[in-house]
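*Asks:* Sequence:
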Amino acid sequence: MKNINKFVGMLGLAFICSACQKQDDYKKFTENGEIVYPAKIDSLRILSGNGRVKVSGALNPDPRVVSFKVFWNSKQDSVEVPVKRTGGVDSVNYIIDHLEEGPLSFEVRTYDSEGHISVPMNIVGNVYGERYRSALNNRAILSTEFNTQGEAKLKFQDASNASGTVGMQIRYKHSDNTTHDTVVLAQLKDQIVTLPKFKSNPIEYRIINRPEPGSIDKFYSNYETFSLKGEVSNIYLKNYMIPFQRSAYDNNRWGDLANWVTNSAMKNHNGMGGYASDDNGVINIEAGWGSSAITNGKIYQTVTLPPGKYSFTSELSDNNYDGNPPAYIVAASGTGIPDVDQLGSAIGSTAVKNSRFEFELKQTTLVSLGMVLSFNTDHYMKIRSLRLYAL
6 MKNINKFVGM LGLAFICSAC QKQDDYKKFT ENGEIVYPAK IDSLRILSGN
56 GRVKVSGALN PDPRVVSFKV FWNSKQDSVE VPVKRTGGVD SVNYIIDHLE
106 EGPLSFEVRT YDSEGHISVP MNIVGNVYGE RYRSALNNRA ILSTEFNTQG
156 EAKLKFQDAS NASGTVGMQI RYKHSDNTTH DTVVLAQLKD QIVTLPKFKS
206 NPIEYRIINR PEPGSIDKFY SNYETFSLKG EVSNIYLKNY MIPFQRSAYD
256 NNRWGDLANW VTNSAMKNHN GMGGYASDDN GVINIEAGWG SSAITNGKIY
306 QTVTLPPGKY SFTSELSDNN YDGNPPAYIV AASGTGIPDV DQLGSAIGST
356 AVKNSRFEFE LKQTTLVSLG MVLSFNTDHY MKIRSLRLYA L
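Its first residue numbered 6, the sequence shown is counted upward by one per residue in my numbering.
For the record, the hints were derived by calculation from the structure and aren't laboratory data.
This one's a predicted model, so the numbers in the text were calculated from it and none came from an experiment.
Some clues are possibly wrong.
Said to hold, decoys possible - Computed spacing ranges between beta-carbons, pair by pair:
# : residue 1 : residue 2 : range
1 : E119      : L190      : 46 to 52 Å
2 : G293      : I247      : 21 to 27 Å
3 : E112      : D195      : 43 to 49 Å
4 : K158      : Y225      : 20 to 26 Å
5 : V84       : H179      : 29 to 35 Å
Cβ coordinates follow ideal geometry from the N, Cα and C atoms, glycine included.
Construct all of the structure, not just a fragment, from the sequences and the given hints.
*Replies:* Printed below as a string of structure tokens:
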């Protein structure tokens with residue numbers, strides 16, 4: 006019983022000593038008997054970033070506050086930031102770098118010159134990085150369109166507000182042979198982007214994202230390569246449809262086609278041929294009626310095409326040509342097209358009467374596109390257009 010009384014007495018003494026110590030600690034944080042808390046940071050926010058965050062907020066005009074401290078990782082990591090007061094409300098903006106990707110809990114306190122500590126402010130922020138970036142998906146291109154001004158129009162898939170997409174970066178070959186690198190702001194619905202003076206495929210594009218409103222960093226997806234589909238005649242060919250333009254003219258009816266190579270066999274009208282002023286300018290091949298027969302007459306243009314699938318087409322003007330003797334539209338590698346009896350060496354060909362053939366290129370290739378024919382006398386043919394399509 007005496008031992009129990011002694012133990013109780015010692016426990017009481019320890020409690021009294023502890024209370025005295027706590028009272029001494031308490032006094033450190035009181036003025037006139039009241040607890041002193043330095044002003045907290047108002048409107049505290051943690052703005053996400055790429056491997057970093059920004060601590061943002063405002064300090065009310067409490068001149069005693071000299072610094073604030075941010076703790077994270079269960080208080081294993083921290084940083085103390087001095088504050089320069091101006092006498093009014095001061096902004097707080099501080100970036101913490103080298104953080105691991107993922108959500109983080111932060112505790113923020115302010116301090117005065119006497120060591121008084123504010124009430125803790127606890128807030129969660131997100132750190133983004135390579136995991137987030139690598140998971141970004143580009144917006145799909147739904148359709149494309151070309152116009153006579155040499156513009157390419159791209160219609161993009163709609164995006165949601167939650168996607169975080171703020172823009173797109175697009176690289177393409179300009180008609181001046183330079184690569185244009187352009188950034189456009191995101192329109193989440195019905196977005197159509199116009200690329201002026203577009204020259205050739207492919208296009209490279211990627212999205213630009215902010216993972217959260219107010220994020221201090223933007224993230225870029227991987228570039229995606231896209232080849233425009235549809236008619237590409239106005240990109241690669243010149244003078245390909247009526248009214249055809251001429252580079253030479255006999256001041257009567259016949260001439261040479263501008264922008265096309267026309268061989269001597271095709272020029273069977275006093276040194277000119279391939280062009281006639283009929284229909285305000287048309288491809289007109291005529292043998293007989295005072296002109297000579299044509300053997301392996303050729304008209305073509307040479308262009309550089311990127312890898313992809315294509316079709317080359319012809320459009321006859323009327324029913325004046327029944328397909329006999331055959332004339333051929335041709336695609337051949339290099340700077341020229343083969344003779345009629347050598348068409349097996351071409352990339353692709355078909356009779357003009359068939360109007361269309363397809364071919365595929367595995368790599369960027371110099372290609373000649375045009376037509377070849379051999380006409381006996383008293384045959385003629387008019388063509389309204391020769392067109393190229395990307396498939």
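*Asks:* Each hint should be assessed against the structure and marked as holding or not.
*Replies:* The hints, checked one at a time:
Against the hinted window of 46 to 52 Å, the Cβ-Cβ separation of E119 and L190 comes to about 51 Å, which satisfies the hint. A beta carbon spacing of about 24 Å between G293 and I247 agrees with the range 21 to 27 Å that was offered as a hint. For E112 paired with D195, a C-beta distance near 46 Å keeps the hint of 43 to 49 Å intact. Taken as a hint, the range 20 to 26 Å holds for the pair K158 and Y225, whose Cβ atoms sit roughly 23 Å apart.
In this structure the hint that V84 and H179 lie 29 to 35 Å apart at CB is violated, the actual value being about 48 Å.
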